[in-house]
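There are 2 protein chains.
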Amino acid sequence: MRPLDRSDALRLLGSISLGRLVFTQHALPAVRPVNHILDGEDIVIRLSDGAALASLTAPADGPETVVAYEADVIDPDHHLGWSVVVTGYARLVDDPAELERYKRLLRPWVTCSMAAALRIRPELVTGFQLTDTIQCTATALPD
Amino acid sequence: MRPLDRSDALRLLGSISLGRLVFTQHALPAVRPVNHILDGEDIVIRLSDGAALASLTAPADGPETVVAYEADVIDPDHHLGWSVVVTGYARLVDDPAELERYKRLLRPWVTCSMAAALRIRPELVTGFQLTDTIQCTATALPD
Numbered sequence: 009m010r011p012l013d014r015s016d017a018l019r020l021l022g023s024i025s026l027g028r029l030v031f032t033q034h035a036l037p038a039v040r041p042v043n044h045i046l047d048g049e050d051i052v053i054r055l056s057d058g059a060a061l062a063s064l065t066a067p068a069d070g071p072e073t074v075v076a077y078e079a080d081v082i083d084p085d086h087h088l089g090w091s092v093v094v095t096g097y098a099r100l101v102d103d104p105a106e107l108e109r110y111k112r113l114l115r116p117w118v119t120c121s122m123a124a125a126l127r128i129r130p131e132l133v134t135g136f137q138l139t140d141t142i143q144c145t146a147t148a149l150p151d
Numbered sequence: 009m010r011p012l013d014r015s016d017a018l019r020l021l022g023s024i025s026l027g028r029l030v031f032t033q034h035a036l037p038a039v040r041p042v043n044h045i046l047d048g049e050d051i052v053i054r055l056s057d058g059a060a061l062a063s064l065t066a067p068a069d070g071p072e073t074v075v076a077y078e079a080d081v082i083d084p085d086h087h088l089g090w091s092v093v094v095t096g097y098a099r100l101v102d103d104p105a106e107l108e109r110y111k112r113l114l115r116p117w118v119t120c121s122m123a124a125a126l127r128i129r130p131e132l133v134t135g136f137q138l139t140d141t142i143q144c145t146a147t148a149l150p151d
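Going down the list, the sequences are from chains X and C.
Residues in the first sequence are numbered from 9 upward in steps of one, following this note's numbering.
Residues in the second sequence are numbered from 9 upward in steps of one, following this note's numbering.
I should point out that these hints are in silico values taken from the structure, not numbers from a laboratory.
Errors might be hidden in some of the hints.
Calculated Cβ distances over 12 Å to all of chain X for the following chain C residues [to be verified]:
(1) R19
(2) R40
(3) D50
(4) D103
(5) R127
If you want the footprint, here are the derived chain X segments under chain C, 3+ residues with CB under 8 Å [what the hints assert, rightly or not]:
(6) 32–38
(7) 73–81
(8) 88–101
Computed from a predicted model, the values in this text were never measured in an experiment.
No residue lacks a Cβ here, since even glycine has one placed at the ideal position from N, Cα and C.
Working from the sequences, and respecting the hints, build out all of it.
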């Protein structure tokens, strides 16, 4: 299990289009699969119009919300792959030109209704790559 | 996007071995990919020995922690698949016989070191299945 540096982690995250938005809803942990693109270092996700996602967004001039975002490609059979977790402030995209651009870039695979976009500015980026399965044989479980 | 009932959602979750544990760490949303099995309706996950996962677990005789658990199989190209989110109380498995059993059942694909097991008792189970891509053509985006 090799740790990924920030640039490798963001590059891998940008190589796929599906991730999971993690937030707090009514003081409980909540998670939704969403579609994303990477715009520079920012993660921009498409919001469906559900109350769950809307509830986490603050107006652009209001307080920002801290969210986590996770994406992975892991082959459970061969124990290979990677996972990246980004933690940062999320804010609604409210600039009309930006919103139009993101609507073209973000493919609406879950919902086809009009959607908002949320930008996550990564403060903390962590990730790992599973590169070696042979270690598992060498370090046997105590049982 | 068809909602899944509880039994279908848990059946789908039990059909795969990878999911994402969602919890609160230092008052911030946190997420880790983990390995799971379904034991009855309980989700049992393998914990690596990292501080992140250890910090969310309470002793079995102490207060329980609320977590969310998400698993999905989504084909981003064909916009088909499913996602299930379980919310419930998590508690360390501390019965030695149970722990031995889970260690045999849970394949240590991320770490090969000794690990603990965490049991999540589902209070709330939600899920959806993406069954129809034709709706996306009928309901075009406003842009």
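Comparing the hints with the structure gives:
1. Its beta-carbon lying about 18 Å from the closest one in chain X, R19/C satisfies the requirement of being farther than 12 Å from that chain.
2. Consistency note on R40/C: stated as away from chain X, yet its beta-carbon is not over 12 Å from all of that chain's, at 7 Å minimum.
3. Interface exclusion of D50/C from chain X stands, the closest Cβ pair being 18 Å apart, more than 12 Å.
4. Separation of D103/C from chain X is adequate, the least Cβ-Cβ distance of about 15 Å exceeding the 12 Å criterion.
5. At the 12 Å boundary, the C-beta of R127/C stays outside the reach of chain X, the nearest C-beta of that chain being 17 Å off.
6. With 4 residues having a beta carbon nearer than 8 Å to a beta carbon of chain C, the region 32–38 of chain X meets the requirement of three or more and the stated coverage holds.
7. Check result for the region 73–81 of chain X against chain C: holds, 5 residues qualifying (beta carbon to beta carbon below 8 Å, three or more required).
8. For the region 88–101 of chain X, the stated coverage by chain C holds: 3 residues have a C-beta nearer than 8 Å to a C-beta of that chain, and at least 3 were required.
Checked against the numbered hints given earlier, the structure breaks only hint 2 and satisfies all the rest.
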